[in-house]
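Given chain P's structure and the hints, the job is docking chain E onto it.
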Amino acid sequence: MALKKFVVGCFDEEGALFDAVKKVRKSGHKLHDVYTPFPIHGLDKAMGLRDTSIHTAGFIYGICGTTTALSFITWVFTKDWPLNIGGKPHFALPAWLPIMFEFTVLCAAVGMVITFCYLCQLAPFVRKHHFHPRATDDLFVMVIECTPKSDEGEIKGFLGSLGAKEINVQQAETGWWLGRYDKEQKLYHETETVSA
Amino acid sequence: MASKEFFEIPKRYRTWSYALIGVGVLSLVIGYILYGAGEHPARFWASLLQNSLYFLLITNAAMFFICATTLAWGGWQMSFRRVTEAISVAVIPLGIIAGIVLIALVTVDPHIYHWLHPKGDKILEGKSGFLNTKFFIIWTILAIGLWIVLGYKMRQLSRSIDDSPLPDKETSWKYMYKNTVWAAVFIVWFALTVMSTVPWLWLMSIDAHWYSTMYSWYTFASTFVAGVALIALFVIYLKNQNYLPYTNQEHLHDLGKFMFAFSIFWTYLWFSQYMLIWYANIPEETVYFKSRIATSHYTGAYAGLYWFSFLINFLAPFLVLMRAGSKRNYTTMAFMAIVIIFGHWLDFYQMIFASVEKDHVTLNLFDFGVAVGFVGLIMLSTGRALAKYPLIAKNHPLLKESIIHHT
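Protein chains in written order, with our numbering: chain P, 1 to 196; chain E, 1 to 407.
If we strip away everything but chain P, and leave its shape as in the complex, we get (with noise of 0.2 Å):
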């Protein structure tokens, strides 16, 4: 973990924000992330991020609960604990379909959740730096990151012709650490706000 330096540009409409997000890839400046208040169509594909491969993890944890189900099952009927049920043999498969199949996808549901909460660090009791809050009401975010090599200035006087309405420049922490949001607490360094 460690801090890093991001130029912040807030835009108030998706057209823009979409037109911008081309062009800073375009211009070969490190795009951190975009921040929006709702999920955007084709954003992703915009931004140039690969396809998520969390449903191939709920094929792999829906596979294991049905492993899970179908084994434990089995070796209580037949092995442990076999009983007499209305004749039927102890084998009894079909009834044990529908535990096997509501066990899968209790296992891929549940571990999705927690899949997706351990990618997006999300989990309580743990922080994360937010770069605006309004990204989760009204505005569009996108913030660029700094290398050694970029020029603050350049992309504040880019991010600015491309349409962002307030654009900022921040020191912040890249990862989570503990804390919590309810406590009163400074959400951004600004060093400065430039209204354009």
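Hints listed in this document are in silico derivations from the structure and should not be mistaken for laboratory results.
Distance condition first, Cα-Cα at most 25 Å in a straight line; then the derived BS3-like pairs of lysine-lysine:
| hint | chain 1 | residue 1 | chain 2 | residue 2 |
| --- | --- | --- | --- | --- |
| 1 | P | K4 | P | K165 |
| 2 | P | K45 | E | K400 |
| 3 | P | K4 | P | K149 |
| 4 | P | K45 | E | K257 |
| 5 | P | K22 | E | K400 |
| 6 | P | K26 | P | K5 |
| 7 | E | K290 | P | K88 |
| 8 | P | K5 | P | K22 |
Only chain E this time, still in chain P's reference frame:
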């Protein structure tokens, strides 16, 4: 090559559809000579029943698809909606054929519906309020007739704005409202027929003593998934011929999701029907599976077919269509659509023949020949309907939603 507004039926398409219909007619004639005029006409009539009902119901599923999406105010299907409309035109010829076959089954009586003679049979006498010739004929005509009429109304509504764009928001709202109402009327009638009474009357009553509460859902799921596969097939064909400029992988992906999801839904009903009967183990219910399934000490004649249809109707779509990539691939989708249509045809075969001819499987070229004839008929009537009207409903208020559609 710029895409065209109207579909021109290619020469090969027309030749193929006539050739397939010819094969179908030839099979019918040969089948009639071999079976229909012989001692067991049931073999001949059951094949007619299977094919006419199956293809009628999968084309009718296209209209259900339109109405369900209209009712939900869905926009994504608008770029290829005319294709579904054209498929639903095939309900007219197929409905007439199926109607004739069904009425012949209760009037000529080739020993398929034994509830026609309830005398002395307590159970059949008890059911005779529902299972009787008069009600059967009236309900059959009413069901097919209203599908045709309401389907026509929906298509006509869609075409009515082709030359007269909706001038303002007010009229657009009114137009959408009118569409919604008529779609709702169709859906209600669909629920009263395909999703309940019609499979009881036409199919389940072959085993008149037996009943299953899952049966109509099962039939619906079977025909709907095959119907979506048919839509996908036509969309892919037209796309290949350079039509449908606004339809792309995003739309194909959603059709693939439908095929995937309803294959699972079909399996869910397939299993539920079996499990409830297996669990209760009541002789008058388990009799249905006697010819269909293998147990440790008895193997039904249709067990192989039964499991094969499970294999290609569940495992194949489940494993192949699970990945997003395969749902967006035209070749995979076309292949899976054919597999699903064939698989559910086979399932229909099992539903009817395992009750009519319980002792041995008689599937042969005759059945395939009749099926091929119906395929030709669908090709012909859909092709003609496609050529008649513009392929894109260009003035529909929701068309833009389909153009920018993104899964």
